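Turn these sequences into a full structure, and let the hints guide you.
Quick note, the sequences are listed as chains A and B, same order. When the letters of the first sequence are read in order and numbered with our numbering, they come out as residues 1 to 229. When the letters of the second sequence are read in order and numbered with our numbering, they come out as residues 1 to 417.
Among the hints, erroneous ones may be present.
[As the list claims (entries may be wrong)] For the chain A half of the interface with chain B, some residues (derived, Cβ under 7 Å), not all of them:
{"no.": "1", "residue": "Ala21"}
{"no.": "2", "residue": "Leu28"}
{"no.": "3", "residue": "Arg143"}
[Claimed, not checked] For lysine-lysine, the following BS3-like pairs were computed, each having C-alpha atoms within a straight-line distance of at most 30 Å:
{"no.": "4", "chain 1": "A", "residue 1": "Lys5", "chain 2": "B", "residue 2": "Lys288"}
{"no.": "5", "chain 1": "B", "residue 1": "Lys110", "chain 2": "A", "residue 2": "Lys5"}
{"no.": "6", "chain 1": "B", "residue 1": "Lys282", "chain 2": "A", "residue 2": "Lys5"}
{"no.": "7", "chain 1": "A", "residue 1": "Lys6", "chain 2": "B", "residue 2": "Lys82"}
{"no.": "8", "chain 1": "B", "residue 1": "Lys379", "chain 2": "A", "residue 2": "Lys6"}
{"no.": "9", "chain 1": "B", "residue 1": "Lys282", "chain 2": "A", "residue 2": "Lys6"}
{"no.": "10", "chain 1": "A", "residue 1": "Lys6", "chain 2": "B", "residue 2": "Lys239"}
[What the hints assert, rightly or not] Computed list of chain A residues with no C-beta within reach of chain B, every gap over 12 Å:
{"no.": "11", "residue": "Leu112"}
{"no.": "12", "residue": "Thr125"}
{"no.": "13", "residue": "Gln137"}
{"no.": "14", "residue": "Ala217"}
Think of the hints as simulated: they come from the structure by calculation, not from any bench. Please read all numbers here as calculations on a predicted model, not as lab measurements. For each residue, glycine too, the CB sits at the ideal point set by N, CA and C.
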Amino acid sequence: MVDSKKYVVAFLITGLIFGTAIMASNMLAGKKVEDVRSIEDRVALDILSSETQFALLAETSCRDIGPGFLSKELGPLGEKLSYAENSTSFNEEDVDSLKRSYFLLEIKDYLLMKRLTEKCNIHPTFILYFYSSDEDQCEDCERMGYVLTALRDKYPDLRVYSFDYYYDLGAISTLTSIYKVKPELPALIINGKPYYGLKTVEELESQVPAIKLLKTATSTSATSTEENE
Amino acid sequence: MAEFQTIILYCSLFISLFFEVFLLITYLEVRSEIRRENEWLSRPRPEALNPAVTIVVPCFNEEKTVRATIESLLNLDYPKEKLSLVLVNDGSTDSTLEVLAQFKSNPQVKILDKTNGGKHTAVNLAIENVTSALVGCLDADSFVTASALRKIVPHFEDGSVMAVTSSIKVHEPKNILQYIQKTEYSWSIFLRRMLSSMGALYVTPGPFSIFRTRVFHELGGYREAHMTEDMEMAMRMQKNHYKIVNSHGAHVYTTTPDNIRGLVKQRARWTYGFLNNAFDYKGLFFNKNYGHFGMFIMPIATISIFSSLFMVINVVSGWVQRAIQIFNRYQVVGFNGKFSWPSFDWYFVNTGVLSLIIALAVALTLFILYLSIRLADGKFKFHRGILYYLFLYTFMVPLWLSKALFDTIFKRKVSWR
Numbered sequence: 001m002v003d004s005k006k007y008v009v010a011f012l013i014t015g016l017i018f019g020t021a022i023m024a025s026n027m028l029a030g031k032k033v034e035d036v037r038s039i040e041d042r043v044a045l046d047i048l049s050s051e052t053q054f055a056l057l058a059e060t061s062c063r064d065i066g067p068g069f070l071s072k073e074l075g076p077l078g079e080k081l082s083y084a085e086n087s088t089s090f091n092e093e094d095v096d097s098l099k100r101s102y103f104l105l106e107i108k109d110y111l112l113m114k115r116l117t118e119k120c121n122i123h124p125t126f127i128l129y130f131y132s133s134d135e136d137q138c139e140d141c142e143r144m145g146y147v148l149t150a151l152r153d154k155y156p157d158l159r160v161y162s163f164d165y166y167y168d169l170g171a172i173s174t175l176t177s178i179y180k181v182k183p184e185l186p187a188l189i190i191n192g193k194p195y196y197g198l199k200t201v202e203e204l205e206s207q208v209p210a211i212k213l214l215k216t217a218t219s220t221s222a223t224s225t226e227e228n229e
Numbered sequence: 001m002a003e004f005q006t007i008i009l010y011c012s013l014f015i016s017l018f019f020e021v022f023l024l025i026t027y028l029e030v031r032s033e034i035r036r037e038n039e040w041l042s043r044p045r046p047e048a049l050n051p052a053v054t055i056v057v058p059c060f061n062e063e064k065t066v067r068a069t070i071e072s073l074l075n076l077d078y079p080k081e082k083l084s085l086v087l088v089n090d091g092s093t094d095s096t097l098e099v100l101a102q103f104k105s106n107p108q109v110k111i112l113d114k115t116n117g118g119k120h121t122a123v124n125l126a127i128e129n130v131t132s133a134l135v136g137c138l139d140a141d142s143f144v145t146a147s148a149l150r151k152i153v154p155h156f157e158d159g160s161v162m163a164v165t166s167s168i169k170v171h172e173p174k175n176i177l178q179y180i181q182k183t184e185y186s187w188s189i190f191l192r193r194m195l196s197s198m199g200a201l202y203v204t205p206g207p208f209s210i211f212r213t214r215v216f217h218e219l220g221g222y223r224e225a226h227m228t229e230d231m232e233m234a235m236r237m238q239k240n241h242y243k244i245v246n247s248h249g250a251h252v253y254t255t256t257p258d259n260i261r262g263l264v265k266q267r268a269r270w271t272y273g274f275l276n277n278a279f280d281y282k283g284l285f286f287n288k289n290y291g292h293f294g295m296f297i298m299p300i301a302t303i304s305i306f307s308s309l310f311m312v313i314n315v316v317s318g319w320v321q322r323a324i325q326i327f328n329r330y331q332v333v334g335f336n337g338k339f340s341w342p343s344f345d346w347y348f349v350n351t352g353v354l355s356l357i358i359a360l361a362v363a364l365t366l367f368i369l370y371l372s373i374r375l376a377d378g379k380f381k382f383h384r385g386i387l388y389y390l391f392l393y394t395f396m397v398p399l400w401l402s403k404a405l406f407d408t409i410f411k412r413k414v415s416w417r
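This is the structure we're talking about:
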């Protein structure tokens with residue numbers, strides 16, 4: 001009485017649609033991982049290039065260092081990784097491996113920045129931001145992330161290096177022990193000084209001398225631009 | 001817990017997709033049958049073949065619409081001597097009886113007046129004295145097109161057909177809600193036609209379903225049936241292997257709720273009625289003797305109530321989470337943070353398995369909607385109701401599904417109005 005063939009056909013077609021969706025999703029996630037990896041490769045190359053340029057500094061002067069000395073792609077790379085971390089369509093192992101490379105690239109970039117600061121006597125501002133992606137361990141980290149994004153948008157010269165405090169990576173542990181970062185997240189290290197807990201943009205601008213300086217510099221340059229016009 | 005939720009979500013999507021695929025396969029199977037049926041019904045038929053038909057119009061406080069309902073019946077393209085109307089006033093408290101009285105001189109019309117007892121009692125009273133071969137019912141807020149009966153009666157040439165249902169459309173939609181229902185009714189026309197071919201119709205709607213009179217003699221009259229007597233009658237007929245078919249060309253227009261409260265109340269009653277009647281006829285579920293009706297349609301119609309609710313709750317909870325994120329962001333950076341448009345980098349497009357399956361299911365729904373409108377109106381014509389339906393309907397459904405479930409679980413009594 002029941003045409004079971006029809007059910008089998010409908011089941012197979014539905015299964016095919018599901019299978020296609022799973023395959024397409026995996027393929028696209030793979031492409032996205034490749035995309036992130038290629039950015040990481042470019043950042044690594046940028047750092048290598050900067051390091052080489054830095055090594056040559058002994059023979060040249062700090063004036064030869066152009067604006068593109070440090071990689072500009074660390075920020076977008078971080079955004080993409082953060083998206084991958086919160087999305088279920090990525091393979092966890094892939095995301096983990098990308099995160100590991102990202103943190104190492106950040107540390108290398110940070111070290112290069114520090115050496116440049118010492119050698120050329122410049123005062124760039126950089127923030128080491130320690131967070132946890134586990135909301136139970138840091139319920140304010142999401143908000144702190146928004147604050148730092150807003151701050152970076154406001155001051156493009158500001159470099160923010162973010163690290164998952166509990167991530168199993170020796171270099172991060174070394175970093176936290178150097179700066180004696182306590183597990184009171186979110187934690188910020190600005191010019192070697194630790195700041196714990198959620199801070200708004202206004203609080204950072206008023207309490208942190210380095211950011212205050214950035215604010216003054218930005219408003220002075222904006223005023224002089226207006227005057228020139 | 002999250003994993004369990006994901007599994008349920010995948011299962012719900014699989015079932016929805018399976019149902020859509022099944023409908024499309026059925027459509028491919030029956031489209032030539034539909035074409036042949038259209039040709040067959042448009043051919044002139046000898047008047048002698050037309051049996052006598054009685055149409056019962058139960059009325060309770062329908063003073064605004066009942067005149068047009070009766071006039072539409074009197075204008076039916078059908079031999080006058082073979083068509084009679086029984087108008088039953090079910091204890092109306094408005095001027096319905098006076099409106100009915102204006103038709104008492106018409107030889108085709110008979111008027112009955114009784115104390116209020118519910119729609120099923122009004123129809124049963126009328127059916128008791130019906131002698132014609134066919135008897136039908138038309139709700140007093142619905143209007144038939146002139147050719148409706150001529151598109152229904154020929155189906156009874158097949159001796160096994162015991163009831164024929166019509167295609168219901170929305171009468172003069174005026175606001176967004178009624179335009180949404182217009183699209184939804186087109187979808188129902190398609191669904192009923194497919195269910196008809198599967199022998200799985202589970203409702204003989206109040207707006208113009210025609211029966212062989214002997215159905216009532218053999219199976220008994222209408223019952224209260226959780227305020228959905230038309231659903232119970234169809235289920236009882238299915239239980240007794242009485243064949244019900246649909247005539248998609250027989251168009252009937254019905255007045256639909258024009259506000260959300262009325263709509264939720266009506267749909268909650270339908271869903272509540274389905275759930276409770278399905279429970280009363282649970283013996284039909286997964287019973288091979290009842291073909292597609294028992295093995296597929298009844299179980300999937302029941303499951304879909306829960307799965308639709310689950311899927312919409314999931315979507316809404318996703319939106320709530322996003323809203324909380326935006327609120328958190330606003331709390332700490334306000335509008336000082338640079339406003340950023342959603343990124344158009346393909347990387348940020350959600351290409352998760354779930355999103356892709358939902359996209360495919362939506363595409364399939366759109367295709368079925370296209371077929372539905374073509375079947376309902378003869379051709380596809382875009383109207384604003386389609387957009388309203390696509391963007392709003394999904395989020396209205398949980399309102400009545402949850403109300404119906406709540407009423408069922410807590411055995412709350414539902415009412416018509």
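Okay, the hints, checked on the actual structure:
Taken as an interface hint, alanine 21 (chain A) checks out: its beta carbon lies about 4 Å from the nearest beta carbon of chain B, inside 7 Å. Given the 7 Å rule on beta carbons, the hint for leucine 28 (chain A) holds: about 4 Å separates it from the nearest Cβ of chain B. Annotation: interface hint on arginine 143 (chain A) holds; nearest CB of chain B at approximately 5 Å, less than 7 Å. For the proposed pair lysine 5 (chain A) and lysine 288 (chain B), the alpha carbon gap of about 15 Å is at most 30 Å, so the pair holds.
A threshold of 30 Å between alpha carbons decides the hint, and for lysine 110 (chain B) with lysine 5 (chain A) the separation of about 51 Å lies outside it, so the pair is violated. The hinted pair formed by lysine 282 (chain B) and lysine 5 (chain A) meets the criterion: a straight-line CA distance of about 25 Å does not exceed 30 Å. Among the hinted pairs, lysine 6 (chain A) with lysine 82 (chain B) is inconsistent with the structure: their alpha-carbon atoms are about 42 Å apart, more than 30 Å. Among the hinted pairs, lysine 379 (chain B) with lysine 6 (chain A) is consistent with the structure: their alpha-carbon atoms are about 28 Å apart, no more than 30 Å.
This hinted pair checks out: lysine 282 (chain B) and lysine 6 (chain A) have alpha carbons roughly 24 Å apart, not beyond 30 Å. Between the alpha carbons of lysine 6 (chain A) and lysine 239 (chain B) the distance comes to roughly 23 Å, so the proposed pair stays at or under 30 Å and holds. Against chain B, the non-interface label of leucine 112 (chain A) holds: every CB pair exceeds 12 Å, the least being about 27 Å. Once the 12 Å rule is applied to beta carbons, threonine 125 (chain A) is consistent with being away from chain B; the minimum gap is 18 Å.
Once the 12 Å rule is applied to beta carbons, glutamine 137 (chain A) is consistent with being away from chain B; the minimum gap is 17 Å. Taking the minimum C-beta to C-beta distance to chain B, about 18 Å, the non-interface status of alanine 217 (chain A) holds against the 12 Å cut.
Violated hints for the displayed structure, listed by number in ascending order: 5 and 7.
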